[in-house]
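Chain order of the listed sequences is A and B.
Each number in the numbering used here corresponds to the 1-based position in the first sequence with 194 added.
Anchor point for the second sequence: position 15 equals 14 in the numbering used here, and the numbering is continuous, going up by one each time.
No wet-lab data here; the hints were simulated from the structure.
Bear in mind that the values here come from a model prediction, so they are computed numbers and not experimental data.
One should not assume that every hint holds.
The list that follows gives simulated cross-link-like pairs (lysine-lysine, BS3-like), each with its CA atoms no further than 27 Å apart [claimed, not checked]:
1. K18(B) / K257(A)
2. K317(A) / K18(B)
3. K70(B) / K36(B)
4. K152(B) / K226(A)
5. K217(A) / K49(B)
6. K331(A) / K36(B)
7. K49(B) / K272(A)
8. K176(B) / K331(A)
9. K243(A) / K148(B)
10. K359(A) / K18(B)
11. K152(B) / K359(A)
12. K250(A) / K309(B)
13. K359(A) / K49(B)
14. K344(A) / K49(B)
15. K70(B) / K226(A)
16. K306(A) / K152(B)
17. K317(A) / K59(B)
18. K78(B) / K272(A)
19. K250(A) / K59(B)
20. K217(A) / K18(B)
21. K176(B) / K250(A)
22. K176(B) / K272(A)
23. K309(B) / K329(A)
24. K49(B) / K330(A)
The residues making up each chain are set out below.
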Amino acid sequence: MPKNNRNICDSKTFEFIYTTYAKDIRRFLFYKMQDVDAAEDVLQDAFVKLWDNCSKVDYDKVKSYVYSIANNMFLNIKKHEKVIHKYNDQHKKHDTNESPEFVMIEKEFMEKLEKTIATLPEKQREVFLLNRIEKKKYKEIAELLNISIKAVEKRMHLALIVMRKEIGNV
Amino acid sequence: MRSLKYRRNMENQKSNIEKDTFLAQWLEGDISDTELKNLVNEDDFLTYEKLKRAFEVSEKLEAPINESFSKIQQRISEKQNEKQQKVRPLYRNWTIGIAASIVLLFGLFSIFGNNPVTIETGFGDHKTIALLDGSEVILNSKSKITYDKNDWKNNRVLTLDGEAYFKVEKGNTFIVKTANGSVTVLGTQFNVNSTNDFFDVVCYEGRVSVKTNASEHILLPTNSVRKINGNPSESSTTQILKPTWIAGESTFKSVPIKYVISALEDEYNIIFNTENINSSTIFTGSFPHNNLNVALKTVFETLNIKYSEKEDRNIKLRY
């Protein structure tokens with residue numbers, strides 16, 4: 195980033211700011227909203243707003259500015275949801291919690307999980323990452339590593355047990 | 000009843016569930032949540048459930064962000080277009096301008112009755128002027144007329160720089176002087192366009208005499224004469240009963256593109272960079288006065304010229 199290009203209205207600078215902060219802001223919003231798609235929407239709104247005000251924002255303060263916009267937008271949405279919930283609560287049937295559809299994912303949980311994945315035994319981690327990150331089926335992983343599907347499943351199973359132990363009760 | 004159904008389910012699935020891999024199978028969707036619940040205790044189940052969701056979320060949170068950046072860019076440009084379209088009609092509503100200028104003009108007459116009168120139009124502006132004898136002048140954008148109000152009764156002479164349409168009441172000779180020549184009439188309707196070195200007169204009614212330093216023409220209705228850049232004048236005919244610019248559209252017939260460009264500049268208050276195109280390309284067609292995008296499209300796309308707005312209101316042309 196050339197030092198002299200600190201004009202946020204410049205489309206290159208704007209894009210640079212976006213690539214620097216967008217992922218973190220999306221995470222930040224997700225932990226508040228618990229919905230990746232909604233977080234994505236607010237992220238976009240926030241950057242459109244930054245562009246609208248690009249001439250008024252100081253480059254040195256752009257990070258806190260975008261975070262504040264994002265946070266305010268989130269609070270507005272919450273405010274609106276409260277109204278909706280208030281209405282819905284009167285009409286809602288309280289079902290049994292046999293299968294909880296909604297599980298809150300906190301920042302701390304995610305960080306703990308990431309740490310745990312990093313400390314998994316090599317063989318388990320390999321299978322886990324191939325399956326979860328590379329989106330490979332057990333069968334493909336088995337072919338790739340030249341082991342049986344059953345062995346892949348065993349490693350995956352163990353990885354989950356390790357994670358469950360490390361993370362403890364939720 | 001419930002436990003019976005349960006057992007049956009268990010039996011059906013039994014062959015698939017393996018003690019040392021069931022978590023992997025569950026994660027892949029081969030074993031349902033209900034089945035998992037029977038295999039582990041409540042706390043375990045809740046944790047696994049949460050882990051599963053965390054995997055999905057984490058994947059989405061790590062997903063590339065370029066796509067949403069292009070969405071942002073799209074939204075920004077849509078917004079800008081919207082803004083432009085919202086603003087334009089305001090100052091392009093020239094009927095209000097005409098009405099206002101007529102009112103203003105009568106006011107001017109009563110105050111400065113004895114002075115020579117100059118009436119000018121700005122970018123994209125049109126004015127209708129009622130002269131003392133009932134004749135009417137409609138000024139196109141970036142044009143100017145001057146006349147002596149005092150002597151108007153005896154001497155119907157006005158000077159024009161730019162383009163105007165005249166509806167002249169019968170009476171003694173009515174003369175329009177321009178830098179490119181003069182137009183003399185009795186009572187008639189005609190259009191004069193004298194912009195820089197472009198001179199074009201069209202007669203719509205009656206009889207019009209056009210005198211340039213080089214030649215003299217008598218025009219009958221639908222006749223027109225044109226002189227470009229000191230070249231010999233050419234005559235032609237038109238089927239149009241009234242200049243189209245009065246109705247919010249500029250029409251050109253075999254005109255070098257540079258004059259069309261200068262008309263666009265006057266109408267929309269923009270500047271063109273023409274260094275990369277041949278400015279003597281001949282253009283026939285018209286452009287509207289109320290939509291710059293459409294105007295640019297109709298003029299330049301037909302000539303295969305590309306246009307891009309480099310800076311605000313500065314448009315670069317190239318092939």
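These are the hints, each one checked on the structure:
no.	hint	result
1	K18(B) / K257(A)	violated, 50 Å
2	K317(A) / K18(B)	holds, 20 Å
3	K70(B) / K36(B)	violated, 42 Å
4	K152(B) / K226(A)	violated, 81 Å
5	K217(A) / K49(B)	holds, 22 Å
6	K331(A) / K36(B)	holds, 24 Å
7	K49(B) / K272(A)	holds, 23 Å
8	K176(B) / K331(A)	violated, 87 Å
9	K243(A) / K148(B)	violated, 56 Å
10	K359(A) / K18(B)	holds, 18 Å
11	K152(B) / K359(A)	violated, 106 Å
12	K250(A) / K309(B)	holds, 23 Å
13	K359(A) / K49(B)	holds, 13 Å
14	K344(A) / K49(B)	holds, 25 Å
15	K70(B) / K226(A)	holds, 23 Å
16	K306(A) / K152(B)	violated, 96 Å
17	K317(A) / K59(B)	holds, 24 Å
18	K78(B) / K272(A)	holds, 26 Å
19	K250(A) / K59(B)	violated, 33 Å
20	K217(A) / K18(B)	violated, 39 Å
21	K176(B) / K250(A)	violated, 52 Å
22	K176(B) / K272(A)	violated, 71 Å
23	K309(B) / K329(A)	violated, 45 Å
24	K49(B) / K330(A)	holds, 21 Å
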